[in-house]
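J.: These are the residues of each chain, in order.
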Amino acid sequence: MRQVLAAMLLVLASACATTSGDELDPRDPWEGFNRGVFRFNDTFDEYLAKPVATAYRKALHQEIRSRVGNFFANVQDIFIGVNNFLQGKFEDGVNDWARFAFNSTFGLLGIHDVASEWGLEKHNEDFGQTFGRWGAPPGPYLVLPFLSSSTVRDGLGTAVDYAVAPLGEVRPINLRNSLYGIYLVNTRSELLEAGRILEEAALDKYVFQRDAYLQRRRSLIYDGRAPREKLE
Amino acid sequence: MRAFMKIFLLSLAALAVPAAAQDLAPDALVKNVTLEVVDLIAKDKEIKAGGRAKLVSVIEAKVLPHFNFTAMSALAMGQNWNKSSPEQKKRLTGEFRTLLVRTYASALAAYSEQRFDFRPLRAKATDTDVTVNVRVLQSGTQPVTLDYSMEKTANGWKVYDVMVGGVSLVANYRTEFANTVRASGIDGLIKDLQTKNRSQAEKK
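Protein sequence lines, in the order shown, are assigned to chains V and Z.
In terms of my numbering, the first sequence is residues 1 to 232.
In terms of my numbering, the second sequence is residues 1 to 204.
Worth flagging that the hints you see were computed from the coordinates, not collected in a lab.
Only a predicted model underlies this, so the values are computations on that prediction, with no experimental measurement involved.
Treat the hints with caution; some may be incorrect.
Estimated spans, in silico, between C-beta atoms of each pair [said to hold, decoys possible]: (1) Z/K83 to V/L109: 53 to 63 Å; (2) V/L108 to Z/Q79: 50 to 60 Å; (3) Z/R182 to V/R225: 45 to 55 Å; (4) V/V164 to Z/E46: 24 to 34 Å; (5) V/Y222 to Z/D117: 34 to 44 Å; (6) Z/N82 to V/K205: 44 to 54 Å; (7) V/Y222 to Z/K43: 20 to 30 Å.
In silico DSSO-like links for lysine-lysine, alpha-carbon gap of 30 Å or less [as the list claims (entries may be wrong)]: (8) Z/K48 to V/K58; (9) Z/K48 to V/K205; (10) Z/K48 to V/K50; (11) Z/K54 to V/K50; (12) V/K50 to V/K205; (13) Z/K124 to Z/K152; (14) Z/K45 to V/K58.
Note that the Cβ used here is the ideal one computed from N, Cα and C, for glycine as well.
Construct the complete structure from the given sequences, taking the supplied hints into account.
T.: Now the structure itself:
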């Protein structure tokens, strides 16, 4: 872990040195630093995360991977509900907790998403969105090591997400770590197509991903009903 | 004889399409085209086996006529559009079109097996600029929204932007285009797009 951090600092230092003098985007004042972390993440992804996710995908049938995804998604519904309550969306919060109740029981610990079939729709909420709903501006764009695109606000939100995550309470520790491992690999495997599309679509992957992230978060905070920014 | 009848009927159908597309309401148009293309993909062994050339040709024939690529390029270029010569505009639109078609083909190939939920259109009959909302439903995750921004033209409704999960494709290219134009001019951007398109074509 120590060596990883040292290597990262090196990458960052060199990145900061190479990208001065460019015109900066007001949303991304730390672009030099961010590009350094982005490159680090990309390298990590190319040599470790993506190959592992690809192998995982080849080894396990789609049906099984989908069950694994459902299991983790079900656990997350608890705090998706909490966030909906914190944002004053009580009906949505009740929906999320009902999902958790039905999927944990009839859905066999969440591996079957029966609630969706019964019309209880899955939501997308986290603490970053709750802070945004409360009026917190995103702050500067921030690329986090391993976790990739974020902002100052969303980064703080992610810290809270992890601090309260039920998965973190699992004991013994090695079971918890195994669960985290499976979760990360499964999540990465679900993003293989999206990653390929990004490669195909972007002229500058860093800029394309950043702009998509910022647009996406804005849309999520408004639950998909963001006032349209008029292009001219 | 039967073969002849079939050809005859098909050509009649082909003749009928442009007129029908002109009269069709924007939400009905999106629904018809989406279902038709998804159905074609599902039935085509070549596409299912990863035949991208075939998929692109299906999209070219079925989807492209309903997109206004000049408007999309103008929006993505912003102020730089008016600084471009007619020749530059033409080449830029052509390259951007190739890039968007390929991206769209990849996205469709990835999501074609999902269920679609076509939302009723919330617009007045006199509106000439509307958003058609579609949702892609998938088990275990939140539905992905596809919002088509459409404008009424003399040749029927045309799409000028697509928002995927709240991310506008056109808006997303704005910073990239502006950065490239600032660094290497409009011709530099056209060249970058060409290089990108060529490198992706070779990969296939």
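J.: Out of the numbered hints, which ones does the structure contradict?
T.: 3, 4, 5, 6, 7
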